[in-house]
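With the hints as your guide, set chain B onto chain A.
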Amino acid sequence: MCELDIAGGRLSLMTHVVAGYPDLESSLELAVAMADSGSDMIEVQIPFSDPLADGPVIMKANQVALDAGMTPVQALEMVRELRVSTGIPVFVMTYANIPYSMGLKRFVTMALEADVNGLIIPDIPFDSSLQEFFKLVSEHRLNNIYVVSPDMEPGRLRDAIGSSSGFVYTTLRVGITGADRGNISTKGLEFVRTVKRYTTLPVAAGFGISSPEQFRSLEGIADIGVIGSKLIKIYDTSGAHGVEKFVKRCVSDHL
Amino acid sequence: MFNEEQYFGEFGGRYVPEALSSALDELDRAYRRLKDDNEFKHELESELNDYVGRPSPLYLADNLTSNLSGSKIYLKLESHNHTGAHKINNAVGQALVARELGKNVLIAETGAGQHGLATATVAARFGMGCKVFMGEVDMKRQYPNVYLMRLLGADVIPVPHGTRTLKDAINATLKYWIENIEDCHYLLGSALGPHPYPAMVRDFQSVIGREVREQIMEKEGRLPDMLVACVGGGSNALGLFHPFMDQENIRMIGVEAGGRGDGPGEHATRIAVSQPKPGIAHGYLSYFLQDENGQLLPTHSVSAGLDYAGIGPEHAWLYKEGRTEYVSVRDHEAVEAYKVLAGSEGIIPALESSHAVAFALKEAPKHGGDHIMVVNISGRGDKDIFITAALTDKDNWKNFLKEEACDV
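Just so you know, the protein sequences line up as chains A and B, in that order. Each residue of the first sequence is one higher than the last, beginning at 1 in the working numbering. Each residue of the second sequence is one higher than the last, beginning at 1 in the working numbering.
Just chain A, with the same shape it has in the complex (with noise of 0.2 Å):
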């Protein structure tokens, strides 16, 4: 697997975008917004018609996407110009029925050529009929990020985590994106320090951080900050200027 260049233990930020949110051209440029004001890798998610993981506000933005015509592989367009034009790591974020139906095999080549860092699709257990799936990702050295839960039975936990590449994902909490509920639990934290015991991989942490306090909150606890559905919010009140000035604000304390 290729190795992730996080930079000297310090605490990286992953940004979320639904591609084709509000259309292909404004979520490309808010993409590489994010990537010019700190973002340190971008999570990119094709749109699905049943978000299974996501709350409210990412399902509307996947639904936006989707009446405005949106496909896979304008998607996986959008990632190969992201990587071009920005240099920084993408990882792409969807649901099982998309490379499922355009074919595991297309999907991963298609992924391949648009030079994806890695693939998070939290739809497809390790222990699923799709091992085929595995067995590509992994002859073709693609990343494959699981996305690990607290309340995870430990057997399965290392299970899930032993089949991951690039990074762990963890929730902070038991739940779907999108909570707006103040602080960090103890338990989420206390969650991301086992995953850490359990792997010599970077450990991503996200599911509820929704400021920059939030997110600095996490250093030297995880490798990787992930935050989602605020900035939907703060792009749907104030635009990719709004979204430019809180990843700045994130990323600031720590330059």
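Hint data in this document are derived by calculation from the structure and do not stem from the laboratory. All clues given are correct.
Distance condition first, Cα-Cα at most 25 Å in a straight line; then the derived DSS-like pairs of lysine-lysine:
no.	chain 1	residue 1	chain 2	residue 2
1	B	K398	B	K339
2	A	K135	A	K105
3	A	K233	A	K60
4	B	K339	B	K140
5	B	K320	A	K105
6	A	K60	B	K140
7	A	K60	A	K245
8	B	K277	A	K135
9	B	K140	B	K402
10	B	K219	B	K366
11	B	K362	B	K339
12	B	K394	B	K140
13	B	K131	A	K60
14	B	K277	A	K105
15	B	K277	B	K320
Now the stretches of chain B that chain A is said to cover, found in silico as 3 or more residues with beta-carbon under 8 Å:
no.	segment
16	9-21
17	153-167
18	177-184
19	276-286
20	293-304
Since the structure is predicted, the reported quantities are computational estimates derived from the model, not experimental observations. Note that CB positions come from ideal geometry on N, CA and C, so glycine has one too.
Chain B only, in chain A's frame:
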């Protein structure tokens, strides 16, 4: 590390975020233990007999039979159950499992409202909290059930997302469950979703077919030639079919909702019309109505309970194995069958079940009197009055609604 136990051939599985894995494992373990536990079986049976009112009748529709001069038509009257549909069989079973798990809130999705009603009913019966998620479109067209669920103490939560029908209600319930996994049991209403639901729901509904087997032996001294049931997610059909799987000569017909046409968004026919396309959504792999990019398509049916883009994974497998057959019936044919059954037998079927009746009306004349057909009347039609009255008796109904609105 493929976990084959979660599959029916290539279909089924547990395609959900890991946040649900421990709750699903816990449910799976509890159900495996309970289904062979004598005390549990005894309690379930006594609830089904004394509360639900089982066994439900197997009724020879002799007027219909002589009018059609073909197959001998028996109706399995799940419509006679408490709450008026087969849904209560599964709701009682899962409520008992939930109680074993120490969960005190039942959450459920509903389309036609029959499963929501059954869940609200068992929640009241067992002293549990209840939240029912229902698409806004369905709330409007099945308002009588919304009222009844609330009367029973359930919190009915409108789902404003997506197509605002059953599929979106399933998504909303799964998401609520992920957020509230500690005290909630998701009482899923059809033989679909992540493992163990498809198998567990089928088992709880199999009481239908087990009774039919005994009843038909008593009445006819032999097993039937054909079984017919409507298929939304597919639980009433599997409940009827499953106990007959060892009988290779019995034809099993699932009737899908043909809606108003064959175009995308006009029907909910996953298998019968064109080449079915496998997909992954709502936690399982099966046939889904989807576009060329894998996005689920909107669906239409006059019956909310059949208005769904997916079909339970066991149906997909049985179809692929060639064991079951699927046909499609249009909205107008279902409404016509609803009227025919009311007039000929004095039985008003749910619009869902009317699809099965519509197929029987077409099929029966093709056979001789020695052919025995069993049609599952999965529910009764009272709940559909706002749809059927508007279609079959428009002016009177309109006047009635106007006057009522003024009086209120």
